[in-house]
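K.L.:
Each step along the sequence shown adds one to the number in the numbering used here, with nothing skipped, and position 83 is 83.
Careful, some of the hints might be misleading.
Stated by the list, open to error - For lysine to aspartate or glutamate, the following EDC-like pairs were computed, each having C-alpha atoms within a straight-line distance of at most 20 Å:
# : residue 1 : residue 2
1 : Lys28     : Asp45
2 : Lys28     : Glu17
3 : Lys35     : Asp45
4 : Lys60     : Asp13
5 : Lys60     : Glu43
What the hints assert, rightly or not - Now the in silico label distances, taken between C-beta atoms and shown as ranges:
#  : residue 1 : residue 2 : range
6  : Thr62     : Ser83     : 18 to 24 Å
7  : Ala44     : Leu11     : 23 to 29 Å
8  : Ala44     : Tyr76     : 16 to 22 Å
9  : Asp45     : Asn80     : 22 to 28 Å
10 : Asp79     : Ala44     : 19 to 25 Å
11 : Thr41     : Asp13     : 17 to 23 Å
12 : Arg84     : Thr39     : 15 to 21 Å
13 : Asn54     : Asn4      : 28 to 34 Å
14 : Ile8      : Asp36     : 16 to 22 Å
15 : Asp73     : Gly30     : 16 to 22 Å
16 : Gly14     : Glu43     : 15 to 21 Å
17 : Asn80     : Gly46     : 28 to 34 Å
18 : Tyr76     : Gly14     : 18 to 24 Å
In short, the hints are calculated from the structure, not lab data. For glycine and all other residues, C-beta sits at the position ideal for the given N, C-alpha and C.
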Amino acid sequence: MQGNDIYIFNLGDGQLEIMDANGYDGLKFGEGITKDDITITQEADGFVYIRINNTTDVVKFTQASTTSTLAIDYIYFADNSHSRIDANVILAFTQNFN
Numbered sequence: 001m002q003g004n005d006i007y008i009f010n011l012g013d014g015q016l017e018i019m020d021a022n023g024y025d026g027l028k029f030g031e032g033i034t035k036d037d038i039t040i041t042q043e044a045d046g047f048v049y050i051r052i053n054n055t056t057d058v059v060k061f062t063q064a065s066t067t068s069t070l071a072i073d074y075i076y077f078a079d080n081s082h083s084r085i086d087a088n089v090i091l092a093f094t095q096n097f098n
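With the hints as extra help, turn the sequences into a complete structure.
P.N.:
Following this line, the structure appears as structure tokens:
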């Protein structure tokens with residue numbers, strides 16, 4: 001997609017691939033998904049993954065890396081908390097969650 005987009009992801013949505021690097025974009029998690037429920041990794045393929053712990057649900061960012069334009073700018077949670085996403089946040093999450 002192009003422009004400003006909000007991607008909504010709920011428990012049970014399965015697998016979502018986001019390739020959007022244009023505009024202001026966000027990922028909003030639905031009820032039951034908090035910061036403590038996710039694991040963020042950057043894998044050997046260079047892509048960033050957000051997995052919902054204890055499920056098979058995963059969001060894959062194919063244009064997200066610590067060295068390129070990220071596919072999203074913010075992650076929002078159902079409890080109204082949010083986190084700005086940039087290369088430093090990805091590095092912090094991957095170091096803290098692995």
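K.L.:
All hints are to be evaluated individually against the structure, with a verdict given for each.
P.N.:
We went through each hint and held it up to the structure:
no.	hint	result
1	Lys28 to Asp45	violated (24 Å)
2	Lys28 to Glu17	holds (14 Å)
3	Lys35 to Asp45	violated (24 Å)
4	Lys60 to Asp13	holds (13 Å)
5	Lys60 to Glu43	holds (10 Å)
6	Thr62 to Ser83: 18 to 24 Å	holds (20 Å)
7	Ala44 to Leu11: 23 to 29 Å	holds (27 Å)
8	Ala44 to Tyr76: 16 to 22 Å	violated (29 Å)
9	Asp45 to Asn80: 22 to 28 Å	violated (33 Å)
10	Asp79 to Ala44: 19 to 25 Å	violated (33 Å)
11	Thr41 to Asp13: 17 to 23 Å	holds (19 Å)
12	Arg84 to Thr39: 15 to 21 Å	holds (19 Å)
13	Asn54 to Asn4: 28 to 34 Å	holds (32 Å)
14	Ile8 to Asp36: 16 to 22 Å	holds (20 Å)
15	Asp73 to Gly30: 16 to 22 Å	holds (19 Å)
16	Gly14 to Glu43: 15 to 21 Å	holds (18 Å)
17	Asn80 to Gly46: 28 to 34 Å	holds (32 Å)
18	Tyr76 to Gly14: 18 to 24 Å	holds (20 Å)
Violation of the numbered hints given earlier is confined to hints 1, 3, 8, 9 and 10; the remaining hints are satisfied by the structure.
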